Amino acid sequence: MDLSYSSEELSFRNEVRDWIAANLPTDLRDKVQSYRALSKEDYLRWHKILAAKGWSVPHWPVEWGGTGWDITQRYIYDEEFALAGAPGLPPFGPAMCASVLLKFGTPTQKDQFLPRIREGDDFWVQGYSEPGAGSDLAAVKTRAERQGDHYVVNGQKIWTTLGHYGDWIFCLVRTDSQAEKRQEGISFILMDMKTPGITVRPLILMDGGHEVNEIFFDNVKVPVQNLVFEENKGWTVAKYLLGHERMGSGSVGASRRELATLRALAKRELKNGKPLLDDVRFKDKLSRVEVELDALEITSMRFLDKMRRTGQPPGADVSMLKIRGTEVQQMITELAMQAAGPHAQPFKAVDNGAIDHFTSRLAPRYFNFRKASIYAGSNEIQRNIIAKMTLGL
Amino acid sequence: MNFELTPEQQQLADSVSKYLSNNYTFEQRKAIVHSTTGVSESVWHTFAEMGLTAMSLPEADGGFGGGAMDLMAVMEALGEALVVEPLLDNVALASRLVARLGSEAQRAAVLPGLIDGSLRLAFASLEPGHRYGLVPHTTTANADGPGWVLNGHKAVVTGAASAQQLVVSAATPSGVSLFLVNAKAAGVTLNPSRTVDGFRVADVVLKDVAVTADALLGLEGAALPFIEEAADFATALLCAEAIGAMKSANDATLDYMKQRKQFGVPIASFQVLQHRMVEMYICTEQARSMAILAASKVDGSTDVNDRARAVSAAKIKIADAARQVSQESVQLHGGMGMTEELKVSHTFRRLTMLAQQLGDADHHLERYAALT
Chain L
1 MDLSYSSEEL SFRNEVRDWI AANLPTDLRD KVQSYRALSK EDYLRWHKIL AAKGWSVPHW
61 PVEWGGTGWD ITQRYIYDEE FALAGAPGLP PFGPAMCASV LLKFGTPTQK DQFLPRIREG
121 DDFWVQGYSE PGAGSDLAAV KTRAERQGDH YVVNGQKIWT TLGHYGDWIF CLVRTDSQAE
181 KRQEGISFIL MDMKTPGITV RPLILMDGGH EVNEIFFDNV KVPVQNLVFE ENKGWTVAKY
241 LLGHERMGSG SVGASRRELA TLRALAKREL KNGKPLLDDV RFKDKLSRVE VELDALEITS
301 MRFLDKMRRT GQPPGADVSM LKIRGTEVQQ MITELAMQAA GPHAQPFKAV DNGAIDHFTS
361 RLAPRYFNFR KASIYAGSNE IQRNIIAKMT LGL
Chain U
1 MNFELTPEQQ QLADSVSKYL SNNYTFEQRK AIVHSTTGVS ESVWHTFAEM GLTAMSLPEA
61 DGGFGGGAMD LMAVMEALGE ALVVEPLLDN VALASRLVAR LGSEAQRAAV LPGLIDGSLR
121 LAFASLEPGH RYGLVPHTTT ANADGPGWVL NGHKAVVTGA ASAQQLVVSA ATPSGVSLFL
181 VNAKAAGVTL NPSRTVDGFR VADVVLKDVA VTADALLGLE GAALPFIEEA ADFATALLCA
241 EAIGAMKSAN DATLDYMKQR KQFGVPIASF QVLQHRMVEM YICTEQARSM AILAASKVDG
301 STDVNDRARA VSAAKIKIAD AARQVSQESV QLHGGMGMTE ELKVSHTFRR LTMLAQQLGD
361 ADHHLERYAA LT
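As you go down the protein sequences, you meet chains L and U in turn.
The opening position of the first sequence corresponds to residue 1 in my numbering, with each subsequent residue numbered one higher.
The opening position of the second sequence corresponds to residue 1 in my numbering, with each subsequent residue numbered one higher.
The set of hints was computed from the structure by calculation and includes no laboratory data.
Computed from a prediction, not measured in an experiment: that's the story for all the values here.
Heads up, the beta-carbon is just placed ideally off N, CA and C, and yes, glycines get one too.
Don't take each hint at face value.
Claimed, not checked - What follows is a list of derived Cβ distance ranges for each label pair:
(1) L:R263 - U:N182: 49 to 57 Å
(2) L:D278 - U:S301: 23 to 31 Å
(3) L:G311 - U:A222: 47 to 55 Å
(4) U:Q10 - L:P202: 51 to 59 Å
(5) L:D278 - U:G147: 43 to 51 Å
(6) L:V62 - U:E8: 35 to 43 Å
(7) L:R17 - U:N182: 52 to 60 Å
(8) U:A60 - L:Y5: 41 to 49 Å
(9) U:G300 - L:Q225: 56 to 64 Å
(10) L:S34 - U:Y132: 36 to 44 Å
Just chain U, with the same shape it has in the complex (with noise of 0.2 Å):
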């Protein structure tokens, strides 16, 4: 038992939250969101600078080989300071289905730009109508002599207008398969809008778009288990990413409680207020527990139904508490919570949506019960 990071994973982390604090301040946050393009050039270079893109990546393709572990402290980080690059969405989602799934040739034309940070790519997996499911139903891949004819729509997909290769998700006659679709090919139209939490996403259609036999990834119909394991190593991330957006919550409002003068006393001094506190602390630290458990099941469990008990069992932890945590940080700042002004109010947005992203309590409660 040891719950202490590696000296590696520590100083990558402080090597990030140093980069982040000097150069993704709240101000510069908003001035890239409000950008054209809603991400910024310069910190994805320096992610893919620092390996983040390459850390989980195999050895054998220019990557790290690390896991969701040495991931997890980088993403804490990313959480504090309410990052909306989509490193999430490349990292976990889809270079990591395109590293498991792909042939050498496949793999050689990605992941090399994805680690130097030239080349970004994005996992287009929901669809209207079906919520959290991975299982592709409105968007189908048709055989097409040696091709293949894709039809259908995907719904808020992350990253899609920034990225140059989309990685798709399709019902293929013998099950589901993914396809590297280029994101300009013709055929594909893409809808793109600002989430209410900063990120750009956009919904992609599908029409009658070709792509050669090089472009299924994997076997035809084998590649839902891949899709699985990806999304539960990124829900294991994201719950990673929600601590940090928990803990910049607290932070701002302790400061906030100890600075605010009501009745001449600063609000810090009343109990009512003290204990909904310490209700915020003790969440966020049982959430921790749990995404720890989480980032250590996606890395060492070979049984796939305990890896994604124990996933879901984090996602249900960390929706309470994000939803807890984020609902009192705004009570406990009053009106100031509540305007543009304050970053309290960005956490806010930002652990609502982490909450429901790739699968809220809900959808876990239904996937863990029928685990156990």
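Isolated chain L (complex conformation) (with noise of 0.2 Å):
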């Protein structure tokens, strides 16, 4: 066994952190590392810098404009990325849409959207989860009916991360309500935003901000061109989707960069005159979280030694790194909001009132947080997938 990356990959890890470092807009980082929301400008601005350097869409295949990097590579620009503060960019259409295309889209409509997703020219949204419809993706009512050469879509998606900002969404649409089987009455479609008949409603979030949305759809007309795949086949191409490489999915660069931000806090606010690093039940509860990302950073390593050997997708497991992951996610805005202590109370500046910005934002942070074990599957549906599938119960 051997544990360490090759001087190949060290000297990539090298390459990209320059890059960033010297590409990456110090008043995003700023953003990031201070835990202000982005803006779309901000992310689309982003996300054209690593267009122009060709970095926007790394796992693509070549002929599309991917970079053709290995799995580590891919894997270690995520890290450095990550670890550099730099904005992670909205998997929507980059990761999502754009998997959906590669595998299933015609000829026409991977020219149509391929590269204006990998410039940054429109802003993709995810339309899957419904009022109804969360864990049991299946039970999707929004309809669409087939009208000569168009859907006409009625219905409403809910959850839909920054939906505010979309100009194009992908959605599982039901397009035949008498199907046997549920799944088998599913379609995926592409809609532009700016039809008639869709309606952006935000829903605010406890910690006061702005990240998702309800969309309705009040006779919206589809052309037929924007199914992908077959229809009623959306179920393959959802199921596909989930399936899809989910290395990323503990977010150890992440955390070990919060990680870094809270040992400096946990440095400057005093305890008894000491700082509270140095209290022996913070730091026990710290110790562990950082024992907790060690294990999930080899744990992750082992997933990718194995993908590398196998050429196999990682398969159920990797739900323990989505499991694992957000806890720790959890565990450090949760140790980052007590660290702050008092200071974690006062939220906005009223009548010209002195604020701190940075701690004022980790009560928020603490609270959005409590979304990481409950979207893209939630915990509890990641510990099904590898009781049925790993442990055959």
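Need the complex rebuilt from these two chains, each delivered in its own frame; the hints are there to steer you.
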């Protein structure tokens, strides 16, 4: 066994690190590091900088603008990205919609959408969940009725992350409500968000932030060319996407950076005149999180090594990265809030009051990260997956 | 990056596993645990024939010059079978200290016998009132002419009764020193017991034990860094052993869940139990990652703090995981998990002790925190 990266991999890491250091705009980095929300323009500006370098879609096939990096290089790239405090590109276009188009899209669809996704011309969002279809995704009710060369879409999506930034949305819709099995009447379609009949309503979360939305569809006309794969075969597409590489779901790089921020905070905050970092009770909790993250990093590397050797996707076990990765994120946000002590309470300055804009974001951030064990397949769903696929339960 | 065992490592682990599955069944183990000596001559000699006692000794002393990585999968197999032979104490602690500190004469007197299985050692280190500390406080060695006189009390010395020689740590004028003491020497009294997990240990009382100058291992007062290194090496191997025991607990629990029916269905169909089983599995895999890290650092790290930090991190994880896996395995077995009759209750006891041996989670949290 050898747990170290090769010298080629290390020099690749340095290349990525140096390039990000030289090209990541400081205002964007500061926003990420101080936990402020990013605007649509922020995301697209960074996307275009990456696109100009040819690094916006590393995992795509080379003929479509991918870098040809192997799985380890991609992992290193993602990790360096997160360590540097670079905004993560929202996955909906480059990672999700593009993967579907590359696998199932017609040549026309690929030509129409892929270059624009690569260049950051369109902001894509995901229309999966509905009020009655969360973990049970096959329960989607949003209807798409074929009328001539259009579908007419009626219904509602929910939890649409950054839906208010969306130029395009990919949706799971029901095209056959009579199908014997629910999964057989679903289709995967693409919609221009400017189409008449689409309304986006913000859902403000308990951290006070606008991140997710409800989207209503009222007789929205979608050209049939925007159907991906076959009608009523959308579940095949959705399953493909779920089974897609989720190596990054441990968020090891991001958590490393957050731990460093937490340490700095705990060094600054005093308890009985001494840094909180030296407090035994605090230190024990911090150490346990660090150890869990160390373990997670090596578990991720073990999967990576297995993928590289077998050429196979890591399978159901990768769900444990999502479970532990989000638990670590949540523990860090909780400890950061606790480290700020009473200063975690002030939220917004009023009447020209003074406020520390960093500590005032720690409690909201803790609130916000309760989402991590709920989204992208709740941690309970992830446990179901391991129970069924790995343990045969 | 490569997480595969070498063909040689895999082959050795496979042959140890195969040997244990034929010769160290649950029933056979029980007979050994309750025998007079509590250990098995034939198992020990087979381990020696397989090269386990020689694996981590230097080639110059007749060993194979291997490291923790070479024994990791073997220790996992031993953990799975709940082997009670004091292999860890001999290989990772006592013989390692003799090999690293001993003179040519001392090594020649001890190591060939250890390698061929005819001689066993024990490491007498712990003391009452000092928990997992490696620095001797109450055991002293005073110069007496050319030799030394040892006095003190060593606690919970694994394998003391089956050992011919004890490696004893003692406070000497300039620090911590190690001595080779004949287990039958005048003034050495053993107070043997069986542990809750089936091992044989003894409290060792040393009363005016006179040894000659050549009993001192290495330089007077210079042993502590070597003891710490050996303890880290042993802890890394203990982590691997714990992974094997956790695997055994998980496999048994998974089987049981699929067989056991209540309300007309296998209890494996209950989601509340499925999720707990999944957590046991994830805990074990996360612990395995740390066991791998610890083995790789004790073999490869040249920085003492880096090594110590990784080993303590691993032991924290292993202790936490061992506790969760063992407790859950009994819970999911229900009443049957409480009985002597099922292996899982023995695995529970072993995991409980593995969590504490060579330092519990609190001990290693303190050490880890001091290094970060």
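*Go through the numbered hints given earlier and state which of them the structure violates, listing their numbers in rising order.*
Per hint list: single violation, 8.
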